[in-house]
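Please model the entire structure based on the sequences and the hints provided.
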Amino acid sequence: MKLIEQPFVRRILNGRAIWPLLALAVILIADGFISPGFYEIRIVEGRLFGNLIDILYRAVPTALIALGMAVVIGTRGIDLSVGSIAAIAGAMIAWRIQAGDPHGVVLLYALGAGILCGMWNGMLVAFLGIQPIIATLILMVSGRGIGMLINLIYGGTDPSFQSDFLQWLSTGSILFIPTRLYVFAVIFLLLWLVIRRTALGLFVEATGGNAAASNLAGVNAKLIIFAAYLICGLTAGWAGVILTADTHTSDPVSVALYIELDAILAVVIGGGSLAGGRIYLGMTVIGALVIQALTTSILISGLPPEYNLIIKALVVLFVLVLQSDNARRGIVSKFRRSP
Amino acid sequence: MNILKPVTGAAVACLMSGAAFAQDYTIGFSQVGSEGDWRPAFSKNMRDEAGSYGVDLKFANAQGKQEEQLRAVRAFIAQGVDAIIIAPVVVTGWEDVLEEAADAEIPVFLVDRDVDVDDKSLYVSRISADFNLEGKLAGSWLATESLGNCQIVEMQGTTGSAPALERKGGFEAVIDQFPAMEIVATQSGDFTTEGGKKVMEAFIKSTDNLDGICAAFAHNDNMQLGAIQAMKEAGLKPGEDLLMVSVDYVPAIVDAMEAGEANASVELRSAVAEFIYPVVTDYIDNPTELDKWIVIPSDLHTAD
Chain A
1 MKLIEQPFVR
11 RILNGRAIWP
21 LLALAVILIA
31 DGFISPGFYE
41 IRIVEGRLFG
51 NLIDILYRAV
61 PTALIALGMA
71 VVIGTRGIDL
81 SVGSIAAIAG
91 AMIAWRIQAG
101 DPHGVVLLYA
111 LGAGILCGMW
121 NGMLVAFLGI
131 QPIIATLILM
141 VSGRGIGMLI
151 NLIYGGTDPS
161 FQSDFLQWLS
171 TGSILFIPTR
181 LYVFAVIFLL
191 LWLVIRRTAL
201 GLFVEATGGN
211 AAASNLAGVN
221 AKLIIFAAYL
231 ICGLTAGWAG
241 VILTADTHTS
251 DPVSVALYIE
261 LDAILAVVIG
271 GGSLAGGRIY
281 LGMTVIGALV
291 IQALTTSILI
301 SGLPPEYNLI
311 IKALVVLFVL
321 VLQSDNARRG
331 IVSKFRRSP
Chain B
340 MNILKPVTGA
350 AVACLMSGAA
360 FAQDYTIGFS
370 QVGSEGDWRP
380 AFSKNMRDEA
390 GSYGVDLKFA
400 NAQGKQEEQL
410 RAVRAFIAQG
420 VDAIIIAPVV
430 VTGWEDVLEE
440 AADAEIPVFL
450 VDRDVDVDDK
460 SLYVSRISAD
470 FNLEGKLAGS
480 WLATESLGNC
490 QIVEMQGTTG
500 SAPALERKGG
510 FEAVIDQFPA
520 MEIVATQSGD
530 FTTEGGKKVM
540 EAFIKSTDNL
550 DGICAAFAHN
560 DNMQLGAIQA
570 MKEAGLKPGE
580 DLLMVSVDYV
590 PAIVDAMEAG
600 EANASVELRS
610 AVAEFIYPVV
620 TDYIDNPTEL
630 DKWIVIPSDL
640 HTAD
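If you're matching them up, the sequences are chains A and B in order. What the first sequence shows, in this note's numbering, is residues 1 to 339, in sequence order. What the second sequence shows, in this note's numbering, is residues 340 to 643, in sequence order.
Read the hints as simulated data drawn from the structure, not as lab findings. Only a predicted model underlies this, so the values are computations on that prediction, with no experimental measurement involved. Fair warning: there could be bad hints in the mix.
Coverage of chain B stretches by chain A, computed from C-beta distances (three or more under 8 Å per stretch; other residues unrestricted) [as the list claims (entries may be wrong)]:
(1) 421-433
(2) 473-480
(3) 488-499
(4) 529-536
(5) 564-573
For each residue, glycine too, the CB sits at the ideal point set by N, CA and C.
Dropping the structure here:
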């Protein structure tokens, strides 16, 4: 049967992309019932202000990390150390500002730290052949300690800082729209160009699909994998910059804690497979928005915090069940039987 | 429950008799680890003050592991110290080692967290601050300041943690006395600045710019500092639009109080050696039955 001949409903139900979007829509509609003024958007202190803006705004760090994670997962890898990399980048900021560097240079230090961390992971996975989950676990457990040691370099008792430039990047705005959304848009666009308008994306997906075969086909699988972790380190560094500049405090113990799990979830909700071989950048961002919309709804719902994680788990389970081929086939067959 | 009375007399006598010569008491102290700001400050205070109470302190850092703690306590028993102080990592699993200490006739004191043992005679006393009292103090201040009429938003600590549960319990125990005081929104900010900021951002939207809200109670200062940032970014004035009360009294909240952005903070003391050593050394000299919990008093500091 040709695709064009399928009934409209079935065509939509067969498409993976519809489920995360549907989940996002359902969450946002439910929010309207929970909180009457949910969709209201005003201008406060020179920037747009409202729950919908909050969801975009707060989703940026997770979405940034999820983009890098999507590339790594595309190589059939995983990066558990992203939260720790963000913590190291944040500690770099507090330290270099304390040391008196120009704040543009401070930003480069933080991103450089992210890239170095990514290269470290990439080296362990690509060149030493250590399994990704173990290789990145090393930095995951040690990274926050490294962040604390960086804080100790300058005493570290009061790791808060002031930086007009970095705080503008994180909490400022251009034409009423938060600066961090522009930052995210630029990073997304660059990454999309690199992945989709060069052969890199194809190579990554080929490597993730079958590393040996793609190697035989002339793809330097090791270099591709190394590059994937480097990209992930860079996006995690950016997330660290946004998060640390947000509270202008370096807090390696708790900044971006468990963000790796949200990032992996975002990739999977967006249709990525942990078996590798696929990268969906746009859908990954939708995945991150689903998670943040959920978090924001729980915060405004007035439910006791004990329920937060349970509700999140249930909604994620629901989305993933809808995405599963078997469950979807079940639903589609229901439509087929109806006249 | 008994609030510790200052035992300055004994301390001074101790200082004069012992400090110049060999230390009078050998005490082993098994500390949890060095996480956060408070605990290292607590450890440093215990070490710095030991000499002035005639104490030779054997300090063991357990790096957050109970098996390290058990090993350290057994080492103290083997060394035949005069007393053992434990800041327990977890509440369970202490029976065996406490019995070994009892067999060696070494008194054991607990500081900070409690232990869960059926036989309470296995330790002499727990000397610690009372999270519940901290919540009560914050609630009492707010009741006075708002004349018993206040809609409150609350930022809880990590869900299920002892400080979060007890600070909330103490706070609610006080505000329940006032029919016009009510917590209208409460969420967990995980004791972090980032968490407090996110939670306050959501509160601002769900309560229509904190309309009708009179106070924000945070289970620690870090969350309150995040809440202050969120309010400022939304064009609100923390400290004026809302009464801001929290717990810990860290340097950054002192700055915020001076800037008029926070109103009150309950101090979580790290300088507690002056409350611990006199009790322990007195007991070594003269073992008498003590209360099972000696509460270190909490102070509430206000902006003015």
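Results of checking the hints against the structure:
1. 421-433: violated (count 0)
2. 473-480: The restraint on the stretch 473-480 of chain B is violated, since only 0 of its residues have a Cβ under 8 Å from chain A and three are required.
3. 488-499: holds (count 3)
4. 529-536: holds (count 7)
5. 564-573: holds (count 5)
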